[in-house]
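Build out the structure end to end from the sequences listed, making use of the hints.
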Amino acid sequence: MKFLEKYDFNKEEIADFLNNSPKKLIDAIKDNKKLVCENINYLKELGVTNYQQIFLEYYDMFLMDHSNFVKIFSKYEPQDLIEKLKKNIKIVEYL
Amino acid sequence: MRDKLDLLMLNNDEKLKIEEKFLATLSLISCEELREVQAYLQKEGVNITKAREIKVLANSKDEIAKKFSILNEIHETDIYRNDATMINRNVIDIYKKIQYCKQIGKKYRREDGTYEPFLFSEKLWQEAVSKSPVMNIEEVNTHLEESPKIEGLVKEEVKSEPEEAIDTDKYMDIKEYNNQNHDIDELDAKTTDFATIRKELEGQLAELDALSNGIEFNDEISFADLEPESYGMGRAS
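Those sequence lines, one after another, are chains Y and U. The first sequence: position 38 = 38 (our numbering), numbered continuously. Convert by adding 95 to the 1-based position in the second sequence; the result is the number in our numbering.
No lab work stands behind these hints, which were simulated from the structure alone. We put the CB at the ideal spot given by N, CA and C, even for glycine. Any given hint could be a false lead.
Said to hold, decoys possible - In the EDC-like style, the derived pairs of lysine to aspartate or glutamate whose C-alpha atoms are separated by at most 20 Å in a straight line are:
(1) Lys23/Y with Asp108/U
(2) Lys24/Y with Glu128/U
(3) Lys75/Y with Asp108/U
(4) Lys71/Y with Glu128/U
(5) Lys145/U with Asp188/U
(6) Lys75/Y with Glu115/U
Said to hold, decoys possible - Derived contacts from chain U toward chain Y, CB cut-off under 7 Å, selection only:
(7) Phe117
(8) Ala119
(9) Thr120
(10) Leu296
(11) Ala305
The structure is reproduced here in structure tokens:
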């Protein structure tokens, strides 16, 4: 899971994630590292400041096909979306 | 996938969220596993009602049962009934934190029975403990290291807890290794070792047999035979 360090996750966060997630999903994330990175990168480049927090809570979502992932977030005006996500990451479920 | 979605007892909105965003978990589990886990959770009074909770179903029934049994020891399985996603959290960590709160008399449940978030987040926990008038964080850490004693479970779980300067890649390697089916050659080597030991022992037995040849053992030995006089020793007067 060292690849997460590239996205500014600290060691503690990674260890916490590994310790508190089902093994099947951890394995799926490792096996689909490229896809997960693409999706994290998209949020990062969009300007979502708390993308790490979103990943740690909704990691299963990052296994989505990249084009479908983009579709979810691109429906909204970026600045408004960034602000809303900053206030409450739970809105991810309703996008 | 449709079959699996139908097995979930969620309303249509939540099912839609799964279809749109959280389908990955369902693709990792079979219908049979899903039925098994769901039946167990229902028996324990846990209902999966939210799309974000379905990642709990990625655990096996045995893993979940183990977690329930640990928290059941301290009668705190409500934690899972309040929020099913807590099942994914490290149960030993939660157990230790609750035990510690109980010891110092710190409140960890609200009036409505829900749990204080500091039990689940390391950062909040450290903050809460730092404010504790009883111990400082170093003392708490030492204290937590020493407790609790859960038969056959603590050792294994504690071992997997990452240390501060852990090399996460290395950590995963070990985890992976533990979950792999080990090379059959390793087993063969062990079997060979046992065979060698057995051979050696059989050799030693044969030698003993050879040495005992010619010596006759009398099955019936009377008490008189055991008297010191019988083998030339006098009694102490």
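Tested hints:
{"no.": "1", "hint": "Lys23/Y with Asp108/U", "in the structure": "violated (27 Å)"}
{"no.": "2", "hint": "Lys24/Y with Glu128/U", "in the structure": "holds (13 Å)"}
{"no.": "3", "hint": "Lys75/Y with Asp108/U", "in the structure": "holds (19 Å)"}
{"no.": "4", "hint": "Lys71/Y with Glu128/U", "in the structure": "violated (31 Å)"}
{"no.": "5", "hint": "Lys145/U with Asp188/U", "in the structure": "violated (25 Å)"}
{"no.": "6", "hint": "Lys75/Y with Glu115/U", "in the structure": "holds (14 Å)"}
{"no.": "7", "hint": "Phe117", "in the structure": "holds (5 Å)"}
{"no.": "8", "hint": "Ala119", "in the structure": "holds (4 Å)"}
{"no.": "9", "hint": "Thr120", "in the structure": "holds (5 Å)"}
{"no.": "10", "hint": "Leu296", "in the structure": "violated (42 Å)"}
{"no.": "11", "hint": "Ala305", "in the structure": "violated (57 Å)"}
In summary, the numbered hints that this structure violates are 1, 4, 5, 10 and 11.
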